[in-house]
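Participant: From first to last, the protein sequence lines are chains A and B.
Sequential numbering of the first sequence, starting at 1, is according to my numbering.
Sequential numbering of the second sequence, starting at 1, is according to my numbering.
Possibly wrong hints are sitting among the right ones.
Identical chains share a label here; the pair holds if one copy fits it or two copies do between them.
Derived lysine to aspartate or glutamate pairs resembling EDC-like cross-links, with alpha carbons at most 20 Å apart [claimed, not checked]:
{"id": "1", "residue 1": "Lys13", "residue 2": "Asp151"}
{"id": "2", "residue 1": "Lys32", "residue 2": "Glu128"}
{"id": "3", "residue 1": "Lys316", "residue 2": "Glu10"}
{"id": "4", "residue 1": "Lys14", "residue 2": "Glu33"}
{"id": "5", "residue 1": "Lys32", "residue 2": "Glu312"}
{"id": "6", "residue 1": "Lys111", "residue 2": "Glu29"}
Quick caveat, the hints were computed from the structure, so don't treat them as lab data.
There are 2 protein chains.
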Amino acid sequence: MALSYDSLNENVKKCQYAVRGELYLRASELQKEGKKIIFTNVGNPHALGQKPLTFPRQVVALCQAPFLLDDPNVGMLFPADAIARAKHYLSLTSGGLGAYSDSRGLPGVRKEVAEFIERRDGYPSDPELIFLTDGASKGVMQILNCVIRGDGDGILVPVPQYPLYSATISLLGGSLVPYYLDESENWGLDVDNLRQSVAQARSQGITVKAMVIINPGNPTGQCLSEANLREILKFCYNEKLVLLGDEVYQQNIYQDERPFISSKKVLMDMGSPFSKEVQLVSFHTVSKGYWGECGQRGGYFEMTNIPPRVVEEIYKVASIALSPNVSAQIFMGLMVSPPKPGDISYDQFARESKGILESLRRRARIMTDGFNSCKNVVCNFTEGAMYSFPQIRLPPGAIQAAKQAGKVPDVFYCLKLLEATGISTVPGSGFGQKEGVFHLRTTILPAEEEMPEIMDSFKKFNDEFMTQYDNNFGYSRM
Amino acid sequence: MALSYDSLNENVKKCQYAVRGELYLRASELQKEGKKIIFTNVGNPHALGQKPLTFPRQVVALCQAPFLLDDPNVGMLFPADAIARAKHYLSLTSGGLGAYSDSRGLPGVRKEVAEFIERRDGYPSDPELIFLTDGASKGVMQILNCVIRGDGDGILVPVPQYPLYSATISLLGGSLVPYYLDESENWGLDVDNLRQSVAQARSQGITVKAMVIINPGNPTGQCLSEANLREILKFCYNEKLVLLGDEVYQQNIYQDERPFISSKKVLMDMGSPFSKEVQLVSFHTVSKGYWGECGQRGGYFEMTNIPPRVVEEIYKVASIALSPNVSAQIFMGLMVSPPKPGDISYDQFARESKGILESLRRRARIMTDGFNSCKNVVCNFTEGAMYSFPQIRLPPGAIQAAKQAGKVPDVFYCLKLLEATGISTVPGSGFGQKEGVFHLRTTILPAEEEMPEIMDSFKKFNDEFMTQYDNNFGYSRM
Ligand SMILES: Cc1ncc(COP(=O)(O)O)c(C=O)c1O
Ligand SMILES: Cc1ncc(COP(=O)(O)O)c(C=O)c1O
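Excised from the complex, chain A in its bound form (with noise of 0.2 Å):
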């Protein structure tokens, strides 16, 4: 039987993924016809000008050209303390980036990630419940792979999400329960609603499994409270549920009233039952933080209270793509053990980290302020990771002229936002919002210095746009 779009798998076809979705599409052929087009759709720093910093990728490329090491000048492009780091990866793998690693990635770099979550937890972390591997969806792949069976699994996700989420769980056959973020108390997650949830889905027949959060929020910015992060852990475990922590923004944060704490913590915190019982898998990432090394493709998760067995499964699973790519795996170990005071390259590493992290809290500012100008716009503070997500409050007449487009009326604004100003967006409806309220997604990575004018057309696109279609009907509903 030949392969049509008919005899396709059906979950591949009923799978959405708006990030890379129509608007990009249109923008990517907008950009073919010589267009500018502001790439503000997925969270992808050095796309838009973030230079990379200069100590993990000495390490790596040294660990690229091994020859180097022996070369009597390679102390004139590298310094001592990048080449001691280079020697000191490459005796970790058996082979160099050339060779396949185990396929949970190199235990030596797992033993780093381990310290790491140490230091920053205050609590054991083991190795072997480390996994690595090709950035953190692929590791949001894996374990959504172990744990759905088929539609009657559920698995909680937030709405709106990162659609990472919904996808995978339609490619897998299985069911998304959502549960609502409340946007008027700045996309907070409130357990009554989490419980709701279970029980409608429970009426339907869903087995719920697993709940996934992502702290700090894409597309919604907010930091979850530890107070908040207990009960969803109290609640995971009264549920029985797997909580899949997405974490991968945790150095991403813009306010210093709930700093970034991780749900480890938080769990080991909270002593027995809970710290021997609740199942937790973390993800991180190199593609984000003031890293933003997206192309590298490296991220781990970390396993607390899954049986043994089922770790060893999610072991045999990994090994069938044989290793995630070994040069992220040590921009991995990089990441977790940074330069240290007093090492050579440690001014350096901070002054660059510093710059990036400074300037992408005053871009949360400068983009909130911005949106918050414009008329029928509304947006919370971005807490913390890329992204904004203003409410756009659309008059009835946009929403008709949207329908008789044939178009979702938050893409109807996005694709004339994108013909109008190249600024590349995501509707709201890719993440999933309640009935009639719209909303876009944009990065706030557009560099500092271009920040203003960016905003500027926003509005000026905008507040056109609101006057064209106003017709004073009213606005759609908050």
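Starting from the known structure of chain A, fit chain B with the ligands onto it as the hints suggest.
Facilitator: Chain B with the ligands alone, transformed into the frame defined by chain A:
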């Protein structure tokens, strides 16, 4: 519901991956205990001492550390053509190695791949139908994921086969439809045999959707002839099967009678209606050939006669994991457009790659001859790829002893071999075999100078083993 072995996805539990199975795990344990292990379980050349090719590593190192390109001293460590190439590849990215690329890979690299295919086959190739992947494994998994809808869908897979296929088909809940390669015909592929396999699968209600060929073969090492490929393509045409052509070993050829010829070229040579209708997906990688860059995780697949809507769906699914790693994309670019005569680095590149290939050819010979000198061992010559797959004729006493130890007979033999010599192989049963016939697979990758010693130690173990168990009740049948 908590995550326990019982509540895992059944398809996860079902899948087997022998290349990193019991033997590999035991070998890893022994290594931890201090025993010297020769890992020949997986085709991982750099792990056994193969040096990386210098030029591509120089280029990728510069891409990782682009700031070196502005350093006046860069020429002291890097030749001018490597510098020029690094600039070229960086110009194809939007943000260097740290930015996610398009989910299909960098357009500029896909163009270079298409040009390579055109030169190789003499027929046009379209970059839009080439997707870059994190190794060929991921590509195979993506395509099978689109094809397989459930256990009613069957995939024809050679036996013995590379277990990526059996494991992925299990994981996706499909049905493996075996067709047997004929050991007495140097692992040839008989189309009558294929027809029988399809008929049998259909009589069981299975829709056969695709056929896998591995050429050159893993674990069997045979090279398919043009006539044989033509028969296979005709068969796929008649039966409306997608042909998945795993051609990752296309550079690894150790005889001159049957040079590598791609399925794509044979198909195009056949002309209409075949060339317009047979659906083909071909896979390639930077892991094999004389590159052996396994740890980089770079691959591609090219689609022929796959409908545009299906291509779009494959793109959509690829986009869930955002992008393949960018540095391996550059390795792929370099593999398909290596230095040319006249380039500064040409001589070194040619010398290095020739050295590796000629040594592999000699090692293929040493191994085959070595195995054939052993008691109760017969082995076809390794015409291509990286493996030797000797048949081990286990005496009834050994089969009896294995049964008592609760082991499959070939696993029993391979474990004993491992404990006695440190040689870590994969039992033939991991690749599928006929009832009562036993093999093992080793790579031909140990360093050439160590080869005689390894073969001696193998022979010593084997001949003692055979003497111990040979109670003159006859051998297992061929
Ligand atoms: C919430 C969240 N999780 C996971 C990822 C995946 O990151 P990666 O696969 O690059 O590690 C992203 C990327 O944007 C994300 O926003
Ligand atoms: C036949 C065959 N196909 C595919 C692969 C996968 O290679 P990679 O994923 O490293 O590209 C291998 C690896 O050994 C192989 O032997």
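Participant: So, for every hint listed, does it hold in this structure?
Facilitator: Taking the hints in turn, this is what the structure says about them:
1. Taking the closest pair of Cα atoms, Lys13 and Asp151 come within 20 Å of each other both inside a single copy (15 Å) and across two copies (18 Å).
2. In the homo-oligomer, the alpha carbons of Lys32 and Glu128 lie at most 20 Å apart only across protomers (14 Å), although the nearest pairing inside one protomer, at 47 Å, exceeds that limit.
3. Proximity of Lys316 to Glu10 under the C-alpha cut-off of 20 Å is restricted to the inter-copy arrangement: shortest distance 13 Å between copies versus 26 Å within a copy.
4. In the homo-oligomer, the alpha carbons of Lys14 and Glu33 never lie at most 20 Å apart, since the shortest distance is 31 Å inside one protomer and 49 Å across protomers.
5. In this assembly of identical chains, Lys32 and Glu312 lie within 20 Å of each other by CA distance solely across copies; the values are 18 Å between and 47 Å within a copy.
6. Taking identical chains as interchangeable, the C-alpha atoms of Lys111 and Glu29 lie at most 20 Å apart only when they sit on different chains, with a minimum of 18 Å there against 45 Å within one chain.
Checked against the numbered hints given earlier, the structure breaks only hint 4 and satisfies all the rest.
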